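**Q** Residue numbers (my numbering), protein chains in the order written: chain A, 33 to 382; chain B, 33 to 382; chain R, 33 to 382; chain X, 33 to 382.
Keep in mind the hints are simulated off the structure, nothing from the lab. Remember, it's a predicted structure, so these values are computed and weren't measured experimentally. Think of the CB as a built atom: it goes at the ideal place given N, C-alpha and C, for glycine as much as any other residue. Don't take every hint at face value.
A short, non-exhaustive set of chain A residues, derived as facing chain B with CB atoms under 8 Å [as the list claims (entries may be wrong)]:
#: 1; residue: A228
#: 2; residue: A270
#: 3; residue: Q326
#: 4; residue: K353
#: 5; residue: V355
Protein chains: 4
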Amino acid sequence: MEHRIPVAVLAATGSVGQRFVSLLDRHPWFEVVAVTGSDRSVGRPYGEACRWVLTDPMPETVRGLTVQPTTPEAAQFPLVFSALPSATAKEVEPLFARAGSCVCSNASAYRRDSDVPLLLPEVNPDHISLVSAQRRNHGWRGCIVTNPNCTSTGLTVALKALDETFGVQRGFVVSLQALSGAGYPGVASLDIIDNAIPFIGDEEEKVEWEPRKMLGQLDGDAVSLADFTLSAHTNRVAVSDGHLVCLSVELEKKTTPEEAVAALRGYCAPELSARLPSAPDPVIVVRDEPDRPQPRLDRMTGQGMTTVVGRVRPDPLFDLKMVILSHNTIRGAAGGSIYNAELLASLGLI
Amino acid sequence: MEHRIPVAVLAATGSVGQRFVSLLDRHPWFEVVAVTGSDRSVGRPYGEACRWVLTDPMPETVRGLTVQPTTPEAAQFPLVFSALPSATAKEVEPLFARAGSCVCSNASAYRRDSDVPLLLPEVNPDHISLVSAQRRNHGWRGCIVTNPNCTSTGLTVALKALDETFGVQRGFVVSLQALSGAGYPGVASLDIIDNAIPFIGDEEEKVEWEPRKMLGQLDGDAVSLADFTLSAHTNRVAVSDGHLVCLSVELEKKTTPEEAVAALRGYCAPELSARLPSAPDPVIVVRDEPDRPQPRLDRMTGQGMTTVVGRVRPDPLFDLKMVILSHNTIRGAAGGSIYNAELLASLGLI
Amino acid sequence: MEHRIPVAVLAATGSVGQRFVSLLDRHPWFEVVAVTGSDRSVGRPYGEACRWVLTDPMPETVRGLTVQPTTPEAAQFPLVFSALPSATAKEVEPLFARAGSCVCSNASAYRRDSDVPLLLPEVNPDHISLVSAQRRNHGWRGCIVTNPNCTSTGLTVALKALDETFGVQRGFVVSLQALSGAGYPGVASLDIIDNAIPFIGDEEEKVEWEPRKMLGQLDGDAVSLADFTLSAHTNRVAVSDGHLVCLSVELEKKTTPEEAVAALRGYCAPELSARLPSAPDPVIVVRDEPDRPQPRLDRMTGQGMTTVVGRVRPDPLFDLKMVILSHNTIRGAAGGSIYNAELLASLGLI
Amino acid sequence: MEHRIPVAVLAATGSVGQRFVSLLDRHPWFEVVAVTGSDRSVGRPYGEACRWVLTDPMPETVRGLTVQPTTPEAAQFPLVFSALPSATAKEVEPLFARAGSCVCSNASAYRRDSDVPLLLPEVNPDHISLVSAQRRNHGWRGCIVTNPNCTSTGLTVALKALDETFGVQRGFVVSLQALSGAGYPGVASLDIIDNAIPFIGDEEEKVEWEPRKMLGQLDGDAVSLADFTLSAHTNRVAVSDGHLVCLSVELEKKTTPEEAVAALRGYCAPELSARLPSAPDPVIVVRDEPDRPQPRLDRMTGQGMTTVVGRVRPDPLFDLKMVILSHNTIRGAAGGSIYNAELLASLGLI
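Please model the complete structure; the sequences and the hints are all you need to start from.
**A** Following this line, the structure appears as structure tokens:
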């Protein structure tokens, strides 16, 4: 950890920003040397400006960092992690890329751009090659690399394992999503106590589209979307962390729950990404109990990077039903961006 | 209310039993004159034997009733409401029917019997005619009439309105179910705080099958199941009352969300059941807000008897997505049984 | 209800404002004809501007009212109810009083002013006479009348009943307060799920001081504070409505729990206030069960206006321990202000 | 870890039993080689018999252990940890002690016996010497050593630090207690959702008495109770783990909050217990933020063994107010018993 790459976290005071700061503490390759925030926070020590909401304590090393404005001038580093809201990300991330930073972004702003990789290293690490096209297209020294929406994440990992072996044709997806997915302060307590909310803005569109890009074929300088259709309902429930997804999936090749479990358990990350520091180990855990996975009990599996599947069973309309759990602010947000950055670094792209 | 029909509530100390007692307080036709309970409660005053969990206070009229054993000898009345667990119901309900009682049961024990009506009066009141076959088959003076599982209830009401106009072909159903559905003490608090449980025993089978019986055609002395297929995932969430259902439905006749909303709003109960005391008014409310229905805000719509629908929108795989809410211990349990009893009474069958 | 007094609700879109609107629906004496809100809401129909968070539906009569700015010009009525935040109340309420409105305020801004009544009609209705001094001092035609902090409310009602019979000398007060006390959006869900917060800003000072003014002696144009001392700890817990208070109290005249219960049960509101429309009936309910009162089960006692006491028992340090529950947005906020207005109206002061 | 002491956990399938099993995994001195349970579990593998409720996964090493009956014959080891309910503990623990086992018990059954140490090693390790008297009195080779009630635990640690420097005279104690304190299944979810319960059976007596024994003077073969009085109210709130205590304390020597904070922060465990494997480090953390400690954020401080104090401020009746947090199933239960066992082992008493 002598010569770690100095990194900045953009929008470091929010809930995903805090997760970045927490996960990067003692990271073997990266070292947080700058944090940025909104006008209200700029100029104050991070330890004061930030209302820390994680149960792990704030790392001592960042407590004294002065919060910077979110501009390339104030935070010019070879690698920056973006926890920016989408509208700000839209404006600011290209400025960083142009100034030479590799932006590993959790924002949705550029996920659909044809030359921007939407990346889960255990699923589609080869899509990283879009970075070359991106640099060529824009004349950037840096780049923008995105990770998917938190609900798309675990879903896509499970779909990948199934697709590889059986071919995915159609899927129904209904989520029970955690509160931390809405950021902080996010959902008002009065809105969720003794309640569930069957709506999350702009979420269903992402869940229906993003897996198709990630499971799509790299085709020169672009990705052709995978040829399956998803239908999503997204719901908010009174859970702090951990998104549950109920999936009914239709497959090309007929199979049994047992074979599907074997395929899920047997799924390994590609060579490129399997041994990176944040690589989930294993990629997928399948639980045998009838009532698992559950967010409180299973979200920290594999330090929050493993996708947990359970209740694999026949579906009377499609082929299989199952339940998927993924930690939404670790695997589904900050941890995912860090894993992406590790892939970039391992390939010499930073 | 001078000459109300005297009724007994079987298993009156449990959570559904309490709902019966509460809803029957000041009922215009029925009067609770006896309550039964388990050995632990028999012989004690109801007010002491029962750990009351409803927010409405216990009616004064039942407080002093001595809890009776659940036998026809101890509780022989023309009408009894059964909140019995399924295994006990299996044994005991026929004894009451044989002894001359009309048993309006919330238990699942006899829902699948061909000569037992599975009844939602606003949906299939004509199925009540199975009672004649039942009496004939068994030589009973009484009868058993059942209401469906709490999750099937709101779902079936919405499907009925859609089926009538457009024809239902297939449906995906994912529930977010309230704690009271598991009875009392039911779900341990440690199992549900900061958690959701993607499993409810024997529930998915009921949700996939029961709507087909209720929307089936009465065919002499039996019902032929409706010709559609449902696939269900059922989940428990930290909500006290009110089951949410996410539905994706495929229809025979293609339609728009606007037409579907019109059909749902326009749905009326048949003549037979539309003006009974517990008839929901209206049968279905469709909310226009993007984030409704919600359990805490909408479960008491129409005094808990109305089915609330929202988020009617196109589905990329089937035709329509929507969300359905129904109060699980009122419309979905005790209130439903009472509504069934009103239908029986109005037809002179008690 | 033919000739009801037209009233405005200031800050009607917030959570206490909504409670005013809800409780005033079908009020026999008052009719909401105007609502005010912040810049963001002004000019929009109330039904759109307001994110309704109550479980009772929004009254149809207010849905179409255009939200007005909070100025005497825009909302000049003989009676206005103020749900304003304290800083705004400080500025704006005197403008309304000067313009001729009786301001029944839930804000803390003027509670400590010597000529402003801090009023619980079932406790100290005679303090209403401060209005004359207030009008004289300021040359106002209107006036400002305040109700206490929500946690002070139930506590003061119980202390009054004890003080009258036994004399209160000292008290320890620890609250478990509901989320709605913090307004909307108020407490972030991530801050309270699986958590309790042992701090509420500026609350302990109010709880320690306000009961002393309300139980103080009216002394010409001012009130001399009651001669007892309270010590308060205030906590936030995951409850929607209903503040619990644990009280240990030292009395001048030694007594038994049984006598104390008798005094609490026997407490009646003074003549002046006992028959007003919102008068709690009874003022105090004492529950005998070992584990009551509980917020979810008991907060709506007496339509949310009754103070519920339980667990009256000896205290090893002082004399008695007990638990007190009061509905914080009904008796402790909007309902209390309305009760105050009824007292004003009954005395011809509006 | 070559030659660890083999230990049994009595009542290992319950929630405290599970905590024992989890905390003893990889313990440097002790190794779980046997687990006992009720008739329902005996003979089954632990991994099947036990419904695991902790978020840390079940240690692999115990999964295959066959659950034994709770008798000395079935589980005769030099050291046993007891998570038995009090009534069973009353009967069974002496049998183990007679058979030669040192019983480190979390049960309340023998806490008040004059020759049984009630022990917090960082507070009163010298009380361990009661073991000699106990062995003499009963002719046992083993012994019974108890840890206090979970709410007494953090309270006593804080009182000890204050008592040493300032002398404690009187204290008001109000708890907000976590669900895990009631065991599993314990509190029904319907009883605690949107609710708080101001009652925990037999708890207040323990909280008022136990600290006096632990802070009492060892006097030959018995302990003379400390000469102060406590008054307790105990409440259950919707928190999984971590008991909060609001304390108002009267001291002999007047002091300031600053001096009290210094005394709390400066408190060190006695030599005897300071370097044992489970010794909290530090014993007490005092937080400076106005709204801490909070259960979700602070319960795992010092791996759940540290007592966290906050909000130290003047009290208008006594001297100081403060808030104390302690992890109820770690420091307040299983972790405390293990720390006691380490003290026994370090003194050669096992």
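**Q** Each of the hints needs a verdict: does it hold here or not?
**A** Here is how each hint holds up against the structure:
For A228 (chain A), the shortest C-beta to C-beta distance to chain B is roughly 5 Å, which falls under 8 Å, so the interface hint holds. The restraint placing A270 (chain A) at the interface with chain B holds, with a minimum CB-CB distance near 4 Å, inside the 8 Å limit. For Q326 (chain A), the interface hint holds, the least distance from its beta-carbon to any beta-carbon of chain B being 6 Å, beneath 8 Å. Checking K353 (chain A) against chain B by beta carbon gives a least distance of about 6 Å; that is within 8 Å, so the hint holds.
Checking V355 (chain A) against chain B: minimum C-beta separation of about 4 Å stays under 8 Å; hint holds.
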